[in-house]
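Got chain V; can you put chain X on it based on the hints?
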Amino acid sequence: MKYTEDHEWLSLDGDIVTVGITEYAATQLGDVVFVELPEIETQVARGDEIVVIESVKAASDIVAPLDGEIVEINEALVDNPALVNDDPTGAAWFFKIKIEDDAALDEFMDEDEYKDHIGE
Amino acid sequence: MWVSASAEGITISGERTEGASQTRPFAAKNDAGRLRAWKGRNTMTDDAIAPSLTALPLAALHVELGAKCVPFAGWSMPVQYAQGVMAEHLWTRSHAGLFDVSHMGQVRLPKSALAALEGLIPADLLGLPEGRQRYGVFTNDAGGVLDDLMVAHRADDILLIVNAARHAHDLAHLRAHIAGVEAVTDRALLALQGPEAEAALAALVPGVAAMRFMDVAVLPWQGADLWISRSGYTGEDGFEISVPVTHAEGLARALLSDARVAPIGLGARDSLRLEAGLPLYGQEMDETTSPVEAGQGWSIGRARRAGGARAGGFPGAEVILDQLAQGAPRRRVGLLPEGRAPMRAGVALFAAPEGDAQIGHITSGGFGPSVGGPVAIGLIAAETPADATLFGDLRGKRLALRQVPLPFVPPGFKR
Numbered sequence: 001m002k003y004t005e006d007h008e009w010l011s012l013d014g015d016i017v018t019v020g021i022t023e024y025a026a027t028q029l030g031d032v033v034f035v036e037l038p039e040i041e042t043q044v045a046r047g048d049e050i051v052v053i054e055s056v057k058a059a060s061d062i063v064a065p066l067d068g069e070i071v072e073i074n075e076a077l078v079d080n081p082a083l084v085n086d087d088p089t090g091a092a093w094f095f096k097i098k099i100e101d102d103a104a105l106d107e108f109m110d111e112d113e114y115k116d117h118i119g120e
Numbered sequence: 001m002w003v004s005a006s007a008e009g010i011t012i013s014g015e016r017t018e019g020a021s022q023t024r025p026f027a028a029k030n031d032a033g034r035l036r037a038w039k040g041r042n043t044m045t046d047d048a049i050a051p052s053l054t055a056l057p058l059a060a061l062h063v064e065l066g067a068k069c070v071p072f073a074g075w076s077m078p079v080q081y082a083q084g085v086m087a088e089h090l091w092t093r094s095h096a097g098l099f100d101v102s103h104m105g106q107v108r109l110p111k112s113a114l115a116a117l118e119g120l121i122p123a124d125l126l127g128l129p130e131g132r133q134r135y136g137v138f139t140n141d142a143g144g145v146l147d148d149l150m151v152a153h154r155a156d157d158i159l160l161i162v163n164a165a166r167h168a169h170d171l172a173h174l175r176a177h178i179a180g181v182e183a184v185t186d187r188a189l190l191a192l193q194g195p196e197a198e199a200a201l202a203a204l205v206p207g208v209a210a211m212r213f214m215d216v217a218v219l220p221w222q223g224a225d226l227w228i229s230r231s232g233y234t235g236e237d238g239f240e241i242s243v244p245v246t247h248a249e250g251l252a253r254a255l256l257s258d259a260r261v262a263p264i265g266l267g268a269r270d271s272l273r274l275e276a277g278l279p280l281y282g283q284e285m286d287e288t289t290s291p292v293e294a295g296q297g298w299s300i301g302r303a304r305r306a307g308g309a310r311a312g313g314f315p316g317a318e319v320i321l322d323q324l325a326q327g328a329p330r331r332r333v334g335l336l337p338e339g340r341a342p343m344r345a346g347v348a349l350f351a352a353p354e355g356d357a358q359i360g361h362i363t364s365g366g367f368g369p370s371v372g373g374p375v376a377i378g379l380i381a382a383e384t385p386a387d388a389t390l391f392g393d394l395r396g397k398r399l400a401l402r403q404v405p406l407p408f409v410p411p412g413f414k415r
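If you read the protein sequences in the order shown, they are chains V and X.
Per the numbering used here, the first sequence starts with residue 1, numbered consecutively.
Per the numbering used here, the second sequence starts with residue 1, numbered consecutively.
Possibly wrong hints are sitting among the right ones.
[To be verified] Derived list of chain X stretches under chain V, where covered just means 3 residues or more per stretch with a C-beta under 8 Å from a C-beta of chain V:
id: 1; segment: 73-86
id: 2; segment: 333-343
id: 3; segment: 362-369
Hints were generated in silico from the structure; no laboratory data involved.
Just so it is clear, the structure is predicted and the values come from calculations on it, not from any experiment.
Positions of the beta carbon are idealized from the N, C-alpha and C atoms, including for glycine.
With the rest of the complex left out, here is chain V (with noise of 0.2 Å):
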C-alpha cells in the first residue's frame, strides 16, 4: 500500500491501481452523506479532481493521483456513502485506474512515513 499528501491510499495490482482514503481522512472528513464517482472509461491526468466526497459539514475533493483510465468505480458508496466511515480502506475504494507506468508509485509514502505526514 502507498499514501499519497492527500490522504489516499493506493493499492497496485498489475498495472492497476485501486484507490480510497486514508481512516484518518475518512475521521477529519466525518459523515460522509454523498460520493460522486467519475465515469468508466475517462482519461484522466493526475491532479484531476475526479472525485466529490460530502460530509455533513463539508464538501471535498479526491484527485486522481496518477495519470491512467478509469477502468472500474465502486456504485456501493452512491448508494452507502457512510460506507466511507465504516471501512475505508477495504468496501469504500473509490475507483481503479489503468496506468502507463507502475514506476510513478514510487514516490508516494510507505505506511510508515504516512504515519510520519499525519503525525502518528
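For chain X alone, kept in the frame of chain V given last:
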C-alpha cells in the same frame, strides 16, 4: 438558547466555514462550487477572526470531551465532539444537547433604553412585557440588516444577545445612540436543546419547568444567578443559560452527568438551525438584504408598521414598510434538492435547466440529518412562481430543487 435566529453557524462557503481545522485533509469548496486549493489548509475565512484566539471558559472541558475545535470569530470553538455531527444532531432532536455558545455577545442596557432601542430595531419593544424576550434585527438606512439579536425585558435591565462576529460592531452601534451600554464579560452562555431539555434542566433548576417559549427568568443554582430564557436555535424546545464564568464548568458538568444530555458542537448547531429554517446572519441576511426578504418580516410588530402606534422610526423604515405593503424584490424559500447532492451556500439558482438569467442563490444548504437528505434555504426573485422547480448550478450541472415551506422539521417549542 437566547439566540434563535442568529448565532453564527458555520457553513461551507467562501464566507464562513465550520469544520475546517488545520489538519483537515480536504479543502472546502468555495461558494460557487469550484474548488479551492486543497490539502491541509485552513479554509476558515471569517474576517472577524482575531490573530490570537480567545479560549472559551469551558475550553478544558471541551478538550476532555474530545472536541475538535476550530477558530470562529476570534474564538476557538468546538465544532464537534467524539460522536460526530450526524449523531450529535440526531441526539439533540430526540434527547437533550448541551452547546457552549459563550462566544456570543451578552449586552446589558438600562430599562430606560427600550424606547431608544426601538430607534434601531423594527420590533415592538415597548410592548414587550417584563419577563419576555423578543427577536429583532438592527437595520441600516437602506433597509438592510446589521445583525439579528434577542432582546430580553428583565426586572432590572434589558439584556441583548448578539452574534459573536458582530459583537464589536453592535456595541459601537448601540453606544452611538444609547447611554449605559454594558458588555457582559464575566458570564458564559450555554444552550440546552431538545425534547428532554426541560426535564434535565429542571432536575437542577426546578423553576424552568414553568417557563414558556421566550420567557426569561433569573433562577438560582448553587449560589449563582442563572439568566435563563426558554428559546433556542435548533427548532427544539430548550433553554439558553447565561451563567457566571465561575460556575460555568460546574453547571456544564452537572448537566452532562444526566444520561439524557450530550455535548453538541457548532457543526450540529448549524445543521439543526438549517432544518429549523432559522436564519444565520451573514448568510440569510446581511447589510444588503432586508428582514422582509429574509423572511423575518414577522418580527416587525404591528405597532411599528404603517398605521401602527409607533410606525417607522427605525433606520430604513421607508424601504422596509414599503416592502411590507407592496412586497419585497426577493423572497426567502425552503428548497429540497431532488437528487442526493447537497447544495451549499452560494450555489446559483435558475428557473430553467439551461439558459436564462440567474434568479437567486442558495444562502445556506447542506445535509439535513433528520430529513435524511439535502436541504437548503435560498433567496430568489419574488416573482418566481411558488410551484416552480428551480435549478442549482452545481459543479457546472443544473440540478433540480423543489420549493417547500420552512421549516423542514416541525418545531418543538413549548408555547
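Hint check results:
1. Remark: the segment 73-86 of chain X is confirmed as covered by chain V, as 5 of its residues place a Cβ nearer than 8 Å to a Cβ of that chain, reaching the required three.
2. Beta-carbon proximity to chain V at under 8 Å applies to 3 residues in the segment 333-343 of chain X; the threshold of 3 is reached and the given coverage holds.
3. Residue count for the segment 362-369 of chain X with a Cβ under 8 Å from a Cβ of chain V: 3. That meets the three needed, and the coverage hint holds.
In summary, this structure violates none of the numbered hints.
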